[in-house]
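Model the full assembly from the supplied sequences, consistent with the hints where possible.
Chain residues, written in single-letter form:
2 protein chains.
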Amino acid sequence: MIAVTILGNNSAVPSHNRHPSAQFLQSGEHHFLIDCGEGTQMQMNLYKMKKSRITHIFISHLHGDHYFGLIGLINSLTLNNRLNDLHIYAPEKLKSIIQIQMDVAGSGLPFQLYFHPLEKEEILFEDKKFSVECFAVNHRIECWGFLFREKKNPRKIIVDEVKKYKVPKSFYENLHQGEDFVNEENEVIKNELLTIASEPPKSYAYCADTAFHEPIAEKIKGVDLVYHESTYLSDLEKKASDRFHSTAKQAATIAKKAGVKKLLLGHFSSMYDTLEKFKEEACEIFPNTEIAEEGTCYLA
Amino acid sequence: MIAVTILGNNSAVPSHNRHPSAQFLQSGEHHFLIDCGEGTQMQMNLYKMKKSRITHIFISHLHGDHYFGLIGLINSLTLNNRLNDLHIYAPEKLKSIIQIQMDVAGSGLPFQLYFHPLEKEEILFEDKKFSVECFAVNHRIECWGFLFREKKNPRKIIVDEVKKYKVPKSFYENLHQGEDFVNEENEVIKNELLTIASEPPKSYAYCADTAFHEPIAEKIKGVDLVYHESTYLSDLEKKASDRFHSTAKQAATIAKKAGVKKLLLGHFSSMYDTLEKFKEEACEIFPNTEIAEEGTCYLA
Chain A
22 MIAVTILGNN
32 SAVPSHNRHP
42 SAQFLQSGEH
52 HFLIDCGEGT
62 QMQMNLYKMK
72 KSRITHIFIS
82 HLHGDHYFGL
92 IGLINSLTLN
102 NRLNDLHIYA
112 PEKLKSIIQI
122 QMDVAGSGLP
132 FQLYFHPLEK
142 EEILFEDKKF
152 SVECFAVNHR
162 IECWGFLFRE
172 KKNPRKIIVD
182 EVKKYKVPKS
192 FYENLHQGED
202 FVNEENEVIK
212 NELLTIASEP
222 PKSYAYCADT
232 AFHEPIAEKI
242 KGVDLVYHES
252 TYLSDLEKKA
262 SDRFHSTAKQ
272 AATIAKKAGV
282 KKLLLGHFSS
292 MYDTLEKFKE
302 EACEIFPNTE
312 IAEEGTCYLA
Chain B
22 MIAVTILGNN
32 SAVPSHNRHP
42 SAQFLQSGEH
52 HFLIDCGEGT
62 QMQMNLYKMK
72 KSRITHIFIS
82 HLHGDHYFGL
92 IGLINSLTLN
102 NRLNDLHIYA
112 PEKLKSIIQI
122 QMDVAGSGLP
132 FQLYFHPLEK
142 EEILFEDKKF
152 SVECFAVNHR
162 IECWGFLFRE
172 KKNPRKIIVD
182 EVKKYKVPKS
192 FYENLHQGED
202 FVNEENEVIK
212 NELLTIASEP
222 PKSYAYCADT
232 AFHEPIAEKI
242 KGVDLVYHES
252 TYLSDLEKKA
262 SDRFHSTAKQ
272 AATIAKKAGV
282 KKLLLGHFSS
292 MYDTLEKFKE
302 EACEIFPNTE
312 IAEEGTCYLA
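Those sequence lines, one after another, are chains A and B.
Quick note on the numbering used here: the first sequence kicks off at 22 and runs consecutively.
Quick note on the numbering used here: the second sequence kicks off at 22 and runs consecutively.
The reader is advised that the hints may include incorrect statements.
Calculated lysine to aspartate or glutamate pairs in the DMTMM-like style (CA-CA distance at most 20 Å, straight line) [said to hold, decoys possible]:
1. B:K116 / A:D124
2. B:K72 / A:D294
3. A:K116 / B:D124
4. B:K71 / A:D294
5. A:K72 / B:D124
6. A:K69 / B:D294
7. B:K114 / A:D294
8. A:K114 / B:D124
9. A:K71 / B:D124
10. B:K69 / A:D294
Think of the hints as simulated: they come from the structure by calculation, not from any bench.
In structure tokens, the structure reads:
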């Protein structure tokens, strides 16, 4: 399961008590931050989330509403004497922005900070259970979406059955992977008798600031949960296009083309004090749409 | 009158719903910001203050909790199409920190930004009604306090009296300045008959992050309202000294030595979830002390 908590759902200028972009993603022991607008650490305080748990931070692009909170977060982790490694994935120039601000403060970091510049569409992170890849979106400056995928979970062993069929422990890993068991009498014991399927692996896509850009639909095909920006309503489609942003209908069109399960809308312009219309417009095209509400946790 | 609204009263790590340093100062038509920690623009939204009114920003030093909110504020002013000049007074290196972040965003400013590096104790700003000067405090890195002073207000003309004594309008400015009037018969009409005194000019001192530093008392002698940091209670005087911070008692000692009218305490360490003890300790030495509460406006 992947759980995504929205920390900010507004576009550039904070208003209507909505905050700039940031999302906290949990899956098993993984705790990731996606974008980090100003005030992200305060939002994490408000929603009782432990900043210390974050191990990887993914920054989509270098417009301030997506990263101005990062240096403050790093500063607080430093003052709280964090010791664990921290990995940041971001456009290259962010490195010197962080560095210059640490230099003037005259203080070092008590932990290791690994900076990974985003350069091409590739897998950024991978372990046994999880992977993160980036894909290009279409914004005024270099900008990246992120695709988070759980790996196929191992099948679960049925303890009574493996005892009954005398499966040796050395074969358990093969059972996890779905293999049948062949006993000493050369009888084939079907894997389905010995194990049960785990939850299917889930996926989440973060389509950062972008104009309507159909290639995104290819990248996020069949994903369980998709966040797509929808800065404007459809009457401002021209404005959206001029500013390399999307409307709610355009976000829904991408979700529909990609055949995803659920769509989350966010990055709302400050010109809107209420958000119901975004959902209405998107649902005409893609019914399983929700507004990304701050403080709410959405599951994939 | 000088009105100072506290936007943040906490030290480096935001906690207990307290925010990093920032204060909004109003006097007549002047609207100044003193320090600008992360989230200052959201605090201004919360307390219904117009960001667009700020003309001058004074940054004491380059620890993040005193300036991380500045770039976000500038970004919002830009997106809101500000046209009026903005003046920033700060240690020199802040200029390149702002510049690099504007450069990566690929956007210019619609208004003129004047950056004034702080270099020595001097008058930073002066007009007919007001002046701002900076003075050195004693912190781990270069750090400045600020002293805000109203100028002597002109005396107010009593309309009926100037008519009675036939004072020509060309002499009104002399009356404002306190001169007596000599009429055509060479009679001296005392100024006190023709005018009334205005409110005495007020003053406010912002003693930024500093160790206990007695020369500050000389700089702020007789000031009406003084903000002095008090990061720790007096049992942690050694820690305060090691980190170039002050205790509540030390802040009160400076206020007493300087013979000021009123003391505001702020910049509280995140280790304290309540603040009453700060007031108690300071009041033993300087009774007219208050805790700088966020959202509260204090008058000098």
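We went through each hint and held it up to the structure:
no., hint, verdict
1, B:K116 / A:D124, "14 Å, holds"
2, B:K72 / A:D294, "19 Å, holds"
3, A:K116 / B:D124, "14 Å, holds"
4, B:K71 / A:D294, "18 Å, holds"
5, A:K72 / B:D124, "29 Å, violated"
6, A:K69 / B:D294, "16 Å, holds"
7, B:K114 / A:D294, "38 Å, violated"
8, A:K114 / B:D124, "10 Å, holds"
9, A:K71 / B:D124, "33 Å, violated"
10, B:K69 / A:D294, "16 Å, holds"
Consistency note: the structure conflicts with the earlier hints numbered 5, 7 and 9.
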